[in-house]
Amino acid sequence: MNNGGNLYINGELIVENTGEFDNQRLGNIIHLNEGTHQIDVTHFQIIWGTSLSIHYEGPGIEKRPLIGQPAVSEGGSPQPPVTVNIDSGYPELIGGFFNYDNEKRTHVISVGHPEGIHYSYDLNNSTLLSFWRDPFADVTRMWRGRGHEQLLVPMNAAVESGAAPPLISLDDSDIFTTEWPDSMKGVSRYRLNEDGQPVFITELNDITIEDLIAPDETGNEFIRTLGFQSDAAQNDKAARLAQGKTIELLPNDLYRVNGKYYLNLINVDGGVPEIYENSGIQMLVVPVLRNSTQSEIEYQLIW
Amino acid sequence: MMIKQLSNKCSIIICLLASVFLFQAISEETFAQTAGVQEQESDFYTISTLEIPDHIILEAGGLAFNDEGQLAVPTRRGEVWLITNPGSNQPVFHRFGQGLHEPLGIAYHDGAYFIVQRGELIKLEDTTGNGIADLYETIYRWPLTGNYHEYSYGPVFLPDGDMIVTLNLSWIGYGASLTDWRGWMLRISQDGDMTPIATGLRSPLGIGLNAEGDIFYTENEGDWIGSGWMTHLETGDFAGHPEGLRWADRPESPVNLRFEDIDDSEGLTLYEQSLNIPEIKNPAVWFPHTIMGISTSAMLLIENDDQFGPFAGQMLVGDQGHSKIMRVYHEKVNGEYQGAVFGFREGFSSGIISLEWGPENDVYVGMTNRGWGSTGRENFGIQRMSWTGETPFEMKKINAESNGFTITFTKPADHHSLMDINNFRVTDFTYEYNSAYGSPVINRQDKTITRLEVADDLMSVRLYIDGLREGYINEIRAEGITSAAGSSLLHPVGYYTLNYLPDGDRSAVTVGTGVVSPDEAAEVTLKKITEMPEDWVDGPDERIELATEPGLRYDLNEITVQAGSRLALTFNNDDDMAHNVVIVEPGAADEVGVAAMNLGLDADAMEFVPIMDEVLYHTSMLQPGQIETIYITVPDTPGEYQFVCTFPGHHISMRGILRVE
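Just so you know, the sequences run in chain order Z and S. Just so you know, we're using my numbering here: the first sequence kicks off at 841 and counts up by one. Just so you know, we're using my numbering here: the second sequence kicks off at 150 and counts up by one.
I should point out that these hints are in silico values taken from the structure, not numbers from a laboratory. Careful, some of the hints might be misleading.
[To be verified] Covered, in the sense of this in silico footprint (three residues per stretch, anywhere, with C-beta under 8 angstroms from a C-beta of chain Z), are these stretches of chain S: (1) 307-313; (2) 608-614.
[What the hints assert, rightly or not] Subject to a maximum C-alpha distance of 30 angstroms in a straight line, what follows is the list of computed DSS-like cross-link-like pairs (lysine-lysine): (3) Z:K1100 <-> Z:K1085; (4) S:K272 <-> Z:K1025; (5) Z:K1085 <-> Z:K903; (6) Z:K1025 <-> Z:K903; (7) Z:K944 <-> Z:K1100; (8) Z:K944 <-> S:K272.
[Unchecked claim] So the derived list for chain S, only partly shown, Cβ under 8 angstroms to chain Z, looks like this: (9) R226; (10) Y257; (11) Q266; (12) G268; (13) R290; (14) G295; (15) R519; (16) P651; (17) L695; (18) P699; (19) G700.
Don't be surprised by glycine CBs; every beta carbon is placed ideally from N, CA and C.
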């Protein structure tokens, strides 16, 4: 923070930053029960630059920003940002580059929902990248002037999924790779369902994958539905639901991924979920297309 | 702070109004010098503006009509709008598609819309019939590095159902091909089979077929591209920018040239290189930079004489930066296309990106100037250009002869004016071919017209000219010619690209006997002082650095200095196009800017700075990445002096106040 300000949770002063030093970082540890809490932040400016960012961490939660963009950025912009509103009652789809794991992805669609939860999807390798809550997207770096970076930036803290293509062959030598083989071209087409939600369709040899990521009934979390179709039953194919440094099965049957978000398996279509591990990488898979030419996997993403 | 910004905006609007009046004043002055009645472009081709609802940012990347006469417009924000009754007073807009990444081209074919976005050629269909695209199918995807300059254009359909797509080079301080097929023209089938066709492209926004079905593209001035051009491309051709050759050794490549084969160290022109390198395809038509636009864009074939005047087989070519449309006539000589470009219609409201025929033989013009700025000041828009049915008095075409040119008019010309040899002037010139950004006009020669023959029907005149040179652009002026009915030529100048002289009798004098115009004619000006004066023993009183912002702006709107002080002004051109800084008297920026636009072929030699008392100091015309410091003795009289870029088309937005206190 530069220069200073206070952070309150439920009216209680948690952090007091007097602004004595430039870019002073201060923190505190408190216990929060499950539920909704009110956070208030004050900020004041004395001299030089202006900045403010807020991070949090906890048991099983890696340190991460509370809000996506710095609330106040260095120098400040004289012009208001260009943002995307979702006011039609249907999802808004925006094409644009997207930073994932500090790397620019170039063939990405970001989908904002009127329910207030949003995600980005990499068309090059049929992969869910990041998901986040309202507000949706800052497109200033794409739609102002030439838009030199061509970036869409989430306006709230985005959770990175551990991006990995959703189908593997267990017989392959390196099942942990997140690169598509050259023969796979990524999403070949997508259709919008009656709710305007895209269903991404990927064709790999004789297997077709349909991928729908849509808000659940409460509108608070996503349900991802992966459909697999094949000309013939397969004996080595599995759906890859998550990949990361840690995948933990919790007592409440949720899987925790990288300490960042949770998977709630709804339908595994008769397959048995398994966690594979190899040199520090873990992967959650469910076999598909065994004795069948169709499989459907469904799970909830909780964060 | 807020108040200051507001007052700046007001002053800009006032200046804009002033510049409009100046344009008119200068035009009328020119017209008064000619004998005939000077008609206006608007007497023949009218422009009307499509009203766009406030909430739609219709930065038109392309235009296509569907079978129902609805106009489909993909926007740079990735939407696709369908406009019902676009030619009526009550157009209806609805959003057909979304989620694309800066699409810059669309074609309607068999009930579907084919669109090129940054990373792929995609097909949009409405399978449920509710007016909204619900199926987005990738036809062919190409890699991107994430560089903003990797624009992609097209598609244009060929008669067999395949499509043509072109890929812009990246920009890393120079045009670079950082990933597959950047700088290439590709042919892609509807099944997604891709065949590279030709390379040497830099910024190939315009793609079009002529009446014979041959494929042309238009190019923007830049590194290796001395000036805009239009080139006929066939399989295996190389148009001029070497970067695309980085992929020429791939098995799919039909181009036999390699990157190492292009060497600019000997100072040869593109044409001279083509004599040794047969893969080089010379432009069919050069568009002299700043005279015939600055950023060549879309192409549109005039199919028949009922459409738009007696110009069947000719092409309309748009220009983004100058918001205007030019007309191109081309012919085949020695088996290759070459021809002439003429002015056609100025005054569009924004930067022209696309042209399309409407259902009633009018031309729809799709525009955006975001990031570049254009003479038309609107950020985006769609306009419609309609022919009144009256034919203007124009040079309909210019044909090369073995020892001269034949000019054909659209109407019978006045016999006396045609017989006067002094009514014609021919000058030829060319451009450098090297890695620098753009080129000055070089090797300029005035030509001697030895005699002329007037056709019996007074529709054409044959000029016999000494010493025409192959590989040169000929400026052909016919300012004094009037029609039999007494009108002056609407556009009295054409630029003919003479790659080949037809077979036949050569002029008796085959070397240039014309007056040689020195290319560096401009006297060394005392207004550009790049060495610190010796009597500044204590150095400058103040040093100020000025750079650029994207969108034709300086990074400072205002500089305050003390009257009579010594100022070292450093201009860092960190943009990707040429700019200068000209310090002018208070209120003179428009006048100086317009005068610079009218320098014509002399502009380069004069560094785009007109000889005027209102000009106080100036820098060189700096190429991208160049830095120069000039030493200025600030005037003793306080006031709001101005600094302005006089590169044609820039002065309207690229300027600031030099406040002398």
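Right, here's what the structure says about each hint:
Only when three residues or more bring their CB closer than 8 angstroms to a CB of chain Z does the claim for the stretch 307-313 of chain S stand; here the count is 0, and the claim is violated. With 0 residues having a Cβ less than 8 angstroms from any Cβ of chain Z, the stretch 608-614 of chain S misses the three-residue criterion, and the hint is violated. Under the criterion of a C-alpha separation no larger than 30 angstroms, the hint pairing Z:K1100 with Z:K1085 is consistent with the structure, at around 11 angstroms. Distance check on the hinted pair: S:K272 and Z:K1025 sit about 16 angstroms apart at the alpha-carbon level, within 30 angstroms; holds.
Distance restraint check for Z:K1085 and Z:K903: the Cα-Cα separation of roughly 15 angstroms lies within the 30 angstroms cut-off, and the hinted pair is therefore satisfied. Straight-line distance between C-alpha atoms of Z:K1025 and Z:K903 comes to about 35 angstroms, which puts the hinted pair past the 30 angstroms bound. A C-alpha spacing of about 21 angstroms is found between Z:K944 and Z:K1100, which places the hinted pair at or below 30 angstroms, so the restraint holds. Between the alpha carbons of Z:K944 and S:K272 the distance comes to roughly 25 angstroms, so the proposed pair stays at or under 30 angstroms and holds.
A cut of 8 angstroms between beta carbons decides the hint on S:R226: the least distance to chain Z is about 6 angstroms, and the hint holds. Given the 8 angstroms rule on beta carbons, the hint for S:Y257 is violated: about 19 angstroms separates it from the nearest Cβ of chain Z. Look at S:Q266: its Cβ gets to within about 6 angstroms of chain Z, closer than 8 angstroms, so that hint holds up. A hinted interface residue such as S:G268 counts as satisfied when its beta carbon comes closer than 8 angstroms to some beta carbon of chain Z; here the least separation is about 5 angstroms, so the hint holds.
Taking 8 angstroms as the C-beta cut-off, the interface hint given for S:R290 holds, the closest approach to chain Z being about 7 angstroms. Below 8 angstroms, beta-carbon pairs count as interface contacts, and S:G295 has one with chain Z at about 4 angstroms; its hint therefore holds. A cut of 8 angstroms between beta carbons decides the hint on S:R519: the least distance to chain Z is about 7 angstroms, and the hint holds. A distance limit of 8 angstroms between C-beta atoms decides the matter here; for S:P651 the minimum to chain Z is near 45 angstroms, and the interface restraint is violated.
Against a cut-off of 8 angstroms between C-beta atoms, the interface hint on S:L695 is violated, since the closest Cβ of chain Z lies about 19 angstroms away. Checking S:P699 against chain Z by beta carbon gives a least distance of about 4 angstroms; that is within 8 angstroms, so the hint holds. Interface restraint check: S:G700 against chain Z, minimum CB-CB distance 5 angstroms, threshold 8 angstroms, status holds.
Consistency with the previously given hints fails for numbers 1, 2, 6, 10, 16 and 17, ordered from lowest to highest.
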